[in-house]
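Asker: Heads up: the protein sequence lines correspond to chains X and S, in order.
Quick note on numbering: the first sequence equals residues 1 to 555 in this note's numbering.
Quick note on numbering: the second sequence equals residues 1001 to 1313 in this note's numbering.
No wet-lab data here; the hints were simulated from the structure.
Watch out, some of these pointers could steer you wrong.
[As the list claims (entries may be wrong)] Restraint-style ranges between C-beta atoms, simulated for each label pair:
| no. | chain 1 | residue 1 | chain 2 | residue 2 | range |
| --- | --- | --- | --- | --- | --- |
| 1 | S | Pro1145 | X | Lys476 | 57 to 65 Å |
| 2 | S | Val1024 | X | Phe68 | 28 to 36 Å |
| 3 | X | Thr218 | S | Gly1170 | 45 to 53 Å |
| 4 | X | Ser394 | S | Val1024 | 32 to 40 Å |
Cβ coordinates follow ideal geometry from the N, Cα and C atoms, glycine included.
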Amino acid sequence: MSISDSVTGRPGRTLVIAASLAAVLVLTACSSGGQSAATGSGERTDGGTLVYLEPDAFTSLYPPAAGFYPNGGVVNNITDRLVYQDTETLEFEPWIATDWVVNDDATQFTFNLRGDVTFSDGSALNASVVAANFDLFGQGDPDRSLAISEAVNNYDHSEVVDDDTVIFHFSASSPGFLQATSTITSGLISADTLTKDLDGFGAGSATEIIGSGPFVVTDEQLGAQLTITARDDYDWAPASFAHQGRPSIDAVQFIVTPENSVRVGSLISGQGDVARKVEAQDEAQVTGAGYTLAAAQTNGVNNSLNLRFREPALQDIRVRQAIIAAVDRNTIVQALFSDNYPVATSILSQSALGYVDTTEYFEYDPEKAAALLDDAGFAEGTDGIRSKDGLRLSITASEAGPQPRSFDVLTLVAQQLAEVGIELKILRADAGNFAAAVLDGSQVQVFQSMVGRADFDVIKSQFFSTNRNVTLNLNKTDASIGDQKLDEILQAVASEPNAEARIINTQAAQIYLAQQAYVVPLFEEPQVYGIAPYVHDLSYEAVARPGFSQVWLDK
Amino acid sequence: MSYILGRIGQAVIVLAIAFTAAFVLLQALPGDALLIKFESPESGLSPDQIALLRDSLGANIPIWQQFFDTLGGFLVGDFGYSVQSGTPVSVIIASALPNTLVLATSAFVVAIVLAVALAVLAQLSWLPWLRTMLRSLPSLFISVPVFWLGIVLIQVFSFRLGWLPVINPGPIEGLIMPVAALALPIAAPMAQVLIRSIDDVLTQPFIAVVRSKGASEWWILSRNVARNAVLPALTIAGLLLGELISGAVITETVFGRAGIGRATEQAVTNQDAPVLQAIVVISAAIFVLVNLLVDLLYPLLDPRLKTIATVNA
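Taking the hints into account, I'd like the entire structure generated from these sequences.
Answerer: Here is the structure:
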């Protein structure tokens, strides 16, 4: 749980030590007045406000919308969940639920609850409010424009047995539900809060969102900052948390600092304590100033290029295999990123559940790429681009705004593909054009994306026809499915109740995606935080949103 | 009086056109906020769920009806809701507008002071090299991007020297750098026009008469030239308002200040039509208002224009 476990940034470590030594020396030199320099006692101290620099303003505190990092950073700290998922082992522990029973086909989940938990408005967190939470998250409410939670599938209804027992019933096997109850998209909110509509959850009404978590939203300046304050009577953290009871720090101030250089500069000039999203190119600046970097893993689908295999240029598996063989992923990662971004070895992250190494399918071999294209009958034209019967190997990739250095990545990929006679164009567009283009296979044939989520279901979420459908296996205009087998394999992951079998099914899905050459996994995408040296025990939930309940400041 | 009424009538027409143009353009853009929010693969929603949400958010109402609904709402001060966050647009505007007004007004005042000071100094300096330098400053600052200037100010005064915090500054502290970043590029064209028109006025025969009567340079500048030279500068000041608004978008983003500029940037990113519609209409209203004020000020400054206005009326 502690940050030291996940601290990487190896090249900077000597620098960090050197810089901290220098800082200590300077401080000691300054303290000639007799008072010793406050470099920290190393023991937990209470009090203080942590200034957290966040690139984007939060938009909504509706828990199912908490996948967006700025939303999740708040929701993670103001709500509790039924169960806690250990971020290292990905095992489940009791939290608001003391224990749970799942029936054999995973269609019925019974939870027993702690009886002593209250929301910050004083109301009790009991079985009926838990039931009401999942009735909303599992079904959504289109009348209030509230979407269903992506994590909850096949939800049918809830049944309140008594004050501290609730049963959830599913219309089909839903083994992913236990994990779903641990994610921030299932943060428990009070009965009053549950009656709000989309506007009620939106930015501007944050102080009215009531959870049972260690912090409470106490102040909001729309679009600029948000303050959460420690709850004095909080006493129901998961048992494995080292620090129990009220958080050590008094408050956390989230300050929106959109400009990267300003965010990093503010951090290392001592104006902030933690900054989210330190870009790879800024990492050295942070470690050089004696600050720590924490690269929290996102445990889901790696940053990858999804190949839309139903489009004419990509229908031949040899073309897709050639694309994979032509992309030199090591060079891309070395040129643009740091050690915090390991080269992907599968479509899933190494720390994801059910991961299997499929590196053998993704080896860089430009000669093989050329041979595959020759074999497929694509010959080089006068402009160096291959074509066959009038079909030019010219494809378009969309720049993925939220993904780190997406344009630079795609530029390198385009150079590498050009070497073997494939033209890759990069689509840069405003949000509206982008949103329309990525849904249209005739405009975008290569779609870059990733998903952070620590559950078996994540691979299904990404590729299944009626979920994210990133390879456009489902053609929305004629409702046809290109590869029925892909859908079946993914469905098998999401509906298999037996954990052992789920691992096997997840591995099968990874191997199938690799064999069919549907994806080019690039790198494991972390969330990189810059942290002041006196900030201790910042934690991350399973998908790297920050948790402040354990934090203490040593200054 | 009827001149003023006529001008107000014109202003209303301009606003109506701005409203309609904004509405049509926002509709004509490919994609919409709902597409961005719910249909991107990132949302993970199934086609059925998306259809339900689109329906509940009124995306299937005919365009002409949406137009009149929106127009009716605007007339009674109801701007609708942000599609991205669900926040009422009136709340967004109400919390952002005061910040931006303070920033823009301060920047505008500072810009005027700078421009006037520069123009006067450029006339009064007796050293030729100093005159040349002062006269070339405006062209330098016209070409300085607000974005770059903001970053440089922050790097130097906040990160290196530690004089002004960017994070959690006091109300006055927090204004200094953003106002400087916004004022300099606006002061530059104003100073340029002012220097030029002072030069023009100085070549007029009546100045030679005043000078031959033994008036000092300062006397000439303050009593005779100023009133004549200020008109072109006033015109450009009205036009620079647009510059001020676009500068605020960048300044507020760089300095992380809440305001209309930041709200615009976010609304554009998410194609949040209701927010953009309100911002366009409000900006147009301010633009129209300021230019109306400028036009009404002319006759006060220059009696010749008063006659023309009366004759026309």
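Asker: Take the hints in turn and mark each one as holding or not.
Answerer: Here's how the hints hold up against the structure:
About 42 Å separates the C-beta atoms of S/Pro1145 and X/Lys476, a value inconsistent with the hinted range of 57 to 65 Å. Taking the beta carbon of each, S/Val1024 and X/Phe68 are about 31 Å apart, inside 28 to 36 Å as hinted. X/Thr218 and S/Gly1170 have their C-beta atoms about 20 Å apart, which leaves the hinted 45 to 53 Å range violated. As the Cβ distance of X/Ser394 to S/Val1024 is approximately 35 Å, the hint placing it in 32 to 40 Å holds.
This entry does not satisfy hints 1 and 3, going by the numbered hints stated previously.
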